[in-house]
Amino acid sequence: MRVCICVCISAGRGAWGVGVTCASKRVRVRPPAFAPFLPPLPQIDWFSASLLLVLWLLHGLVGYYEYLQSVWAAETLEISLSSTAMVKRDGKWITIDSKLIVPADLLKLSLGDRVPADCRIVAP
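Just so we're aligned, residue 1 is where the sequence shown starts under our numbering, counting upward by one.
Please note that a few of the clues may not be correct.
The calculated DSS-like cross-link candidates involving lysine-lysine, where the alpha carbons are at most 25 Å apart (straight line), are [to be verified]:
1. LYS99 with LYS88
2. LYS92 with LYS108
3. LYS88 with LYS108
For the record, the hints were derived by calculation from the structure and aren't laboratory data.
Using the sequences and the accompanying hints, generate a full structural model.
If you want it as structure tokens, here you go:
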């Protein structure tokens, strides 16, 4: 015979107790010593529970959509603020990424341009 100890919870009366299950029979042994300190179990209102679940899932979907929007906005901002510089190479003015600037390059700066860190101003 297989004996399993389980917790018996009677939702109708809100009582807690420890029980023994033997061959599909549930026998209540005694309530635990801390039973007077436990609150009674509430009756489950399935409509309210399902409504809360739907609202919780909707909140998660909206949060995920807002997260995606912020990622897209950050990527767009990063692309629009990409660091480029006007450089004179081989006698021609070209626009390149500022990571590709070498010490021999001559940069053309205008109002509002960001200056790469390793530049030296040679003419006003």
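Now for the hints, and whether the structure bears them out:
{"no.": "1", "hint": "LYS99 with LYS88", "verdict": "holds, 15 Å"}
{"no.": "2", "hint": "LYS92 with LYS108", "verdict": "holds, 12 Å"}
{"no.": "3", "hint": "LYS88 with LYS108", "verdict": "holds, 8 Å"}
This entry satisfies every hint, going by the numbered hints stated previously.
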